[in-house]
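The listed protein sequences correspond, in order, to chains A and B.
FYI, in my numbering the residues of the first sequence are 1 to 112.
FYI, in my numbering the residues of the second sequence are 1 to 116.
If you are wondering where the hints come from, they were derived from the structure by calculation, not from laboratory data.
Just so you know, not all the hints are guaranteed correct.
[To be verified] Partial list, derived from the structure: chain A residues whose beta carbon lies under 10 Å from chain B: (1) ALA29; (2) TYR32; (3) GLN38; (4) GLY43; (5) ALA45; (6) SER93; (7) ASN98; (8) PHE100; (9) GLY105.
Predicted model only: the values in this text are computed from it and were never measured.
Just so you know, even glycine gets a beta-carbon here, dropped at the ideal spot from N, CA and C.
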Amino acid sequence: QQQVKQSPQSLIVQKGGISIINCAYENTAFDYFPWYQQFPGKGPALLIAIRPDVSEKKEGRFTISFNKSAKQFSLHIMDSQPGDSATYFCAASTYNFNKFYFGSGTKLNVKP
Amino acid sequence: GAVVSQHPSWVICKSGTSVKIECRSLDFQATTMFWYRQFPKQSLMLMATSNEGSKATYEQGVEKDKFLINHASLTLSTLTVTSAHPEDSSFYICSARDGSTQETQYFGPGTRLLVL
Numbered sequence: 001q002q003q004v005k006q007s008p009q010s011l012i013v014q015k016g017g018i019s020i021i022n023c024a025y026e027n028t029a030f031d032y033f034p035w036y037q038q039f040p041g042k043g044p045a046l047l048i049a050i051r052p053d054v055s056e057k058k059e060g061r062f063t064i065s066f067n068k069s070a071k072q073f074s075l076h077i078m079d080s081q082p083g084d085s086a087t088y089f090c091a092a093s094t095y096n097f098n099k100f101y102f103g104s105g106t107k108l109n110v111k112p
Numbered sequence: 001g002a003v004v005s006q007h008p009s010w011v012i013c014k015s016g017t018s019v020k021i022e023c024r025s026l027d028f029q030a031t032t033m034f035w036y037r038q039f040p041k042q043s044l045m046l047m048a049t050s051n052e053g054s055k056a057t058y059e060q061g062v063e064k065d066k067f068l069i070n071h072a073s074l075t076l077s078t079l080t081v082t083s084a085h086p087e088d089s090s091f092y093i094c095s096a097r098d099g100s101t102q103e104t105q106y107f108g109p110g111t112r113l114l115v116l
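The following block holds chain A by itself, in its conformation from the complex:
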């Protein structure tokens, strides 16, 4: 059973537009939700992360929105750039961070 469900599988956005990727989870014990960015042939890199005690976290053009009651969280990329084209993974972990559950990934293509 997939612990974290991610959508869409792929996304095409025009340069300057907003990219939105969504994730949902069932386990209420999760309390750390990171997003990772992965370029082809490279390992994932931590982009931004949130704890459930806040509803939003912003770092530059990247924002996580978190809805605890709906058990959903999303990544918003403002002013999307071609350099943002990559695969994005959401993940979730419990308080001890002993195991991370990853979403299935979203391949983002930002067209110039």
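Chain B: place on chain A using the hints.
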């Protein structure tokens, strides 16, 4: 930021041989390291979790005798694929958790293994 290296970055080997992949945390002490496997266009699949000085914890379905993990120091973990077969060809990625900031996992650049 914290850096995790992997060596080699890619390896081609003959079926039946063993391959060792090293994962190093370069500027922090990693109390825990994770090994993942990633198939093309798919998500990361956790293979095992290793804590320094203790035996690795393998995920269900992962053969511990096939994928030997050693975490001998706070900066080095190794994954040995024993008697490799073509179906072991994959992208192997390690990550390390900084002991001082428990929640953050830093990923290595990955190792692409091709077994002929």
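Do the hints match the structure? See the list:
1. ALA29: 14 Å, violated
2. TYR32: This hint holds: TYR32 of chain A lies near chain B, its Cβ roughly 5 Å from the closest one there, short of 10 Å.
3. GLN38: The hint holds - GLN38 of chain A has a Cβ within 10 Å of chain B, the shortest such distance being about 8 Å.
4. GLY43: 4 Å, holds
5. ALA45: 7 Å, holds
6. SER93: 7 Å, holds
7. ASN98: 7 Å, holds
8. PHE100: Holds, about 6 Å.
9. GLY105: Check passed: Cβ of GLY105 of chain A comes within 5 Å of chain B, closer than 10 Å.
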